[in-house]
Amino acid sequence: MAYQMARNRATTAKEYAINMLKRQVVYDELWALNDVTFDVKRGEVLGVIGANGAGKSTLMKVLAGVLHPTAGRVQVRGSLSPMIEVSGGMNNELTGRENIVMVGTLLGRPPKEMNNRIDAIGEWAGLTDFLGVPLRGYSTGMKARLGFAIATDVKPDVLLIDEVLSVGDEEFKGRSLKRIEYLMDGGTSVVMVSHALPMIEKLCEKAMWLDHGFVKATGPSQDVVVAYKASVKK
Amino acid sequence: MASTSTPVYDSAAPRRPIFDETRSLWSHRSLIRLLVGRDLTVRYKRSVLGVWWTLLNPLLTAAVMWLVFSQIFRRSSEDVPFIVYMLSGILLIATFFAQGVLAAGSSLMSSAGILSKLRVPGEVFAFTAAIAAMVNFAIGMVPLLLIMVLTGTPIPWTVVLTPIPAFAMLGLVTGVGMLIASAAVHFYDVLDFVRVILQLAIWLVPTFYPMDIIPEQFQIIVKLNPLYSYLQVFRGFVYRGEFAPSWNFIYMFGSAVIFLAAGVWIFSKSWRAMVVKL
Numbered sequence: 001m002a003y004q005m006a007r008n009r010a011t012t013a014k015e016y017a018i019n020m021l022k023r024q025v026v027y028d029e030l031w032a033l034n035d036v037t038f039d040v041k042r043g044e045v046l047g048v049i050g051a052n053g054a055g056k057s058t059l060m061k062v063l064a065g066v067l068h069p070t071a072g073r074v075q076v077r078g079s080l081s082p083m084i085e086v087s088g089g090m091n092n093e094l095t096g097r098e099n100i101v102m103v104g105t106l107l108g109r110p111p112k113e114m115n116n117r118i119d120a121i122g123e124w125a126g127l128t129d130f131l132g133v134p135l136r137g138y139s140t141g142m143k144a145r146l147g148f149a150i151a152t153d154v155k156p157d158v159l160l161i162d163e164v165l166s167v168g169d170e171e172f173k174g175r176s177l178k179r180i181e182y183l184m185d186g187g188t189s190v191v192m193v194s195h196a197l198p199m200i201e202k203l204c205e206k207a208m209w210l211d212h213g214f215v216k217a218t219g220p221s222q223d224v225v226v227a228y229k230a231s232v233k234k
Numbered sequence: 001m002a003s004t005s006t007p008v009y010d011s012a013a014p015r016r017p018i019f020d021e022t023r024s025l026w027s028h029r030s031l032i033r034l035l036v037g038r039d040l041t042v043r044y045k046r047s048v049l050g051v052w053w054t055l056l057n058p059l060l061t062a063a064v065m066w067l068v069f070s071q072i073f074r075r076s077s078e079d080v081p082f083i084v085y086m087l088s089g090i091l092l093i094a095t096f097f098a099q100g101v102l103a104a105g106s107s108l109m110s111s112a113g114i115l116s117k118l119r120v121p122g123e124v125f126a127f128t129a130a131i132a133a134m135v136n137f138a139i140g141m142v143p144l145l146l147i148m149v150l151t152g153t154p155i156p157w158t159v160v161l162t163p164i165p166a167f168a169m170l171g172l173v174t175g176v177g178m179l180i181a182s183a184a185v186h187f188y189d190v191l192d193f194v195r196v197i198l199q200l201a202i203w204l205v206p207t208f209y210p211m212d213i214i215p216e217q218f219q220i221i222v223k224l225n226p227l228y229s230y231l232q233v234f235r236g237f238v239y240r241g242e243f244a245p246s247w248n249f250i251y252m253f254g255s256a257v258i259f260l261a262a263g264v265w266i267f268s269k270s271w272r273a274m275v276v277k278l
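Chains as they are written, first to last, in the working numbering: chain A, 1 to 234; chain B, 1 to 278.
Any given hint could turn out to be false.
In silico contact screen, one side only, chain B against chain A (beta carbon under 10 Å); selected entries [unchecked claim]: (1) 8; (2) 12; (3) 34; (4) 116; (5) 199; (6) 278.
FYI, nobody ran anything at the bench for these hints, they're computed from the structure.
Glycine residues also receive a C-beta, built at the ideal position from the N, C-alpha and C atoms.
One chain only, chain B, in its complex shape (with noise of 0.2 Å):
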C-alpha cells in the first residue's frame, strides 16, 4: 500500500510540457511493447503472407507505375533498376510515412474507449503507432533488400546506417501524427483531409519516378519539401552507397525536431480539452 503522504494524483500538480510526455512514455515503456507487440501480432500472425502482406498495397501500386513508367522512361535515371528507385520510395514513403501519420493522426479516436475511463496518457497511442510504422518499415527492408539481390544490385555497407533516417522518420512521423490527432478530437473531417494530403504528399516527392522528369524551375519546389531530403538520405545509405549532401541531413533533422516539438507541444496543451470530446 502507497504510503498516505505522498500524492499519486493531483490534478492541480504543475504541468512541463515537451518534459512531461518525454517522461511518461519512457515510464510507460511496457504498455507500449505491449500495444506495439500486439498490432504486430495482428498483422502477421494470422495472414498467410506475413510480411509481404504490408507491401501488398504499395507493390501493387509499384507494379502499376512501373508497367506505366517504365514504359515510358526504358532507363531510370540511375544505375539502379527501376523496382529498386521505386521500392525504396514506397517503403519510406507509403509505408512508414503515409501509413504513420494516418494511424499515429487516429490514435486517439481508436482508443476513445481507453482514454475516456482509464487515466492513461495519450501520447502513448499516438507514439506506438509510429513505432508500429517503424517496425513494419524495418521488416519492409527484407523483400527490399532480397529484391536488390535478386537483380544483382550490389549492396553496399552505408545500408547500416540506415536508423539514421529512420529515426528521424520516427520523430517527424510523432510530431505531425500529433498535430493531426489533437485535430481529428475536435473535427471529424480531418482525418479524410489527412488521406488526400497523404496522397498528394506521396506525389509530390520523387516516390516512384525520377527526378529529372520534373523542369527544373520545378525542382525546387520538390526540394522544399523535407521528405524529399529524407529520400535522398534513405536512397543514398541503401542502394548508392553514399551520404547525401549535408543540406539534406541538416533539412532532414531539422524538419523532425520541429515537427516533433510542436506536435507535442501542442498536444500537450490541448489535451485537457481534447479528453473531454472523447
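If we strip away everything but chain A, and leave its shape as in the complex, we get (with noise of 0.2 Å):
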C-alpha cells in the first residue's frame, strides 16, 4: 500500500500550478506496507502489533476496504464490521439515537432494522440515558461504548478492531472482551491491533508483528510478542 508523498506538497491549486511549471512536482512513494500477506480463517483471532507508525492502521483500513491496495488484493469472505477509532462514523451533532440508526445503515443495515434495535444496543452500552444527547456531549469512553455497541451488534463475519479497547474503564474492557469472545465463539473472524500484549496474548492465537511496513514474525501470539518485546528492550 503505497501513498505518494510529493516533496514540496502543494496544497493549493495555485502552488500546484507554479510548482508545475517550474518542473518540481516530484512524488515520492512511502510504502507503508510491503508484502503483508496472510489469511485469517473463519474463527481465527488475528493480533497486530508493533511500534506506532508501523503501519497498523494502514492495514486496517486496506482490509476494511477503505483504501485501496497498491499492489496486491484483499479478499474478505462474509459481512465485516469495522472499528476503526473511537468515533467510527459517528457524527457529534447527531444524537446517540440518531447515530446508532445512522452507522448502522452505514454498516448496511436498513434503518426499519435499526430502529428496533435502539434500546438494545443503548442497554448494552450502558447509555440509556444518553441517547437524546447529542453526541458532542458524550466523553471518549461513552463514544467508545457505544460505537463499539454498534459494530458488534449483529454477528459480523469478520471484525476489525483498531485500538479502540484501549479507550474504555475497566468494567468495559471487561465487557467487550466478553463479547469478542462470544462473537469467536460463534465463529466470527478478528483481526485486532493495539498495544496491550497481554491481550494479545490471551484473546489471539496468531499474531502478526509489522515493523515499518513489513511482517518482523508472525506466528503463535506469545512468540511474537516476545519477539517483539525483545526488541523494544535493546
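From the two separate chains plus the hints, produce the assembled complex.
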C-alpha cells in the first residue's frame, strides 16, 4: 500500500500550477505496507502488534476496504464490521439514537432494522439515558462504548478492531472482551490491533508483528510478543 | 452468516465506471433517504421560519435587487410582476444550482470522517447533497406559487411539468458537484474558487434582470450558458404557460447528460486516489 508523498506538497491549486511550471512536482512513494500476506480463517483471531507508524492502521483501512491496495489483493468473505477509531463514522451533531441508525445503515443494515435495535444497543452500552443527547456531549469512553455496541450488535463474519479497546474503563474492557469472546464462539474472525500485549496473548492464537510496513514475525501470539518485547528492550 | 464461498469484498474485482456508481446509489437508497431526511430536519425543524429559512438569503438579495432594478425599470419586460420573475430565477439558480453545486462539491470533505473509516461509496454523499438541493427547491416552489397567487398572476397548467427541468438540473448539479468534489480533495482552495465562480454564474444569466437590458451582440454569450436554457424552460412552465423553444430543451438535457457523465466518470476513476487524502 503506497502513499504518494510530494516532496514539496502543493496544497492549493495555485501552488500546484506554479510548481508544475517550475518542474518541481516530484512524488516520493511511501510504502506503508510491503508484502504483507496473511489469511485469517473463520473463527480465528489475529493480533497485530508493532510500534507506532508501523502501518497497523493502514492495514486495517485496507482490510476494511477504505483504502485500495496499490499492489496485491484483499478478499473478505462475509460481512465486515470495522472499528477504526473510537468515533467510527459517528457524527457529533446527531444524538446517540440518530447515530445508532446512521452507523447501522452505513454498515449495511436498513434503518427499519436499526430502529428496533436502538434500545438493545443503548442498554448494552450502558447509555440508555443518554440516547437523546447529541454525541458532542459524550465522553471518549462513552463514544467508544456506543461505537463498539453498534459494530458488534449484529454478528459480523469479520470484526476489525483498531486500538479501540484501550479507551474504556475496566468495566467496559471486561464487557467488550466478553462480547468478543461470544462472537468468536459464534465463528466470527477477528483482526485486532493493540498495544496491550497481555490482551493479545490472551485472546489471539496468532499474532503478526509489523515493523515499518514489513512483517517482522508471525506465528503463535506468545512467541511473537516475546520477539517484539525483546527488540524493544534493546 | 454469509456463505464462505462468495467473497463480499474483493479489492481486485473489476470496476465499471458509471455502471458501478449507478448501482451503488440504488443499493444505498435507504442511506440516501436517511441523510437527506437528516439534512432537512436540521434545516427546518429547529427554525422558527421553517420553509422560508432557505429562501431568506436569496429573498433578501431579491428584495434589494427589486428596489434597485424596479426604480430603473418601471415595468418588467414581461407581463409578470418583477418579483415573480426574480423569485423564479433565484429559486432555480441561486437555491438549486448554486447551493446544490457547493454542497455536492464539499460533500466529500465534510464526510471525510466517515469515508476514512468505513467503506462507503463517495457518490452517495455527493448525490445526497444534490437531492437535498432539489428538495429545497421543491419546497421553495410553495412560496413562489403563493406569491403568484397574491400578485394575481395566473398559474398555468404547465406548472405540473416543472419536474422536467428540475430533474435535468439534478443531473447537472450532481455532475458538476462530483467534478468539484474530486478536485477539492486534492486542493484546498478549489471550494473558494467555486464560491466566487458561482456568484458570477448567478449574474451571467438573467436571474434578476430582464434579458432586454443586455445589448444584442452580447446576448449570444448569455444564450451559450446552459443555465439560460434551464431558466427559460422553467419560467416557461411556471408562469408563461408555454414550452420554451426546442433548442433550450436540447441544450438543457444535453448539458445535464454531459456533465453528469463526465462528473461520474472522473469521480469514479479518481476515487482510489481521493480516499487516501481524506
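Each hint, compared with the structure:
1. 8: holds (6 Å)
2. 12: Hint on residue 12 of chain B: holds, closest Cβ of chain A at ~4 Å, below 10 Å.
3. 34: Because about 6 Å separates residue 34 of chain B from the closest Cβ in chain A, which is inside the 10 Å limit, the hint holds.
4. 116: Because about 6 Å separates residue 116 of chain B from the closest Cβ in chain A, which is inside the 10 Å limit, the hint holds.
5. 199: Status violated, d = 18 Å.
6. 278: holds (9 Å)
Taken one by one, the earlier hints fail for this structure only at number 5.
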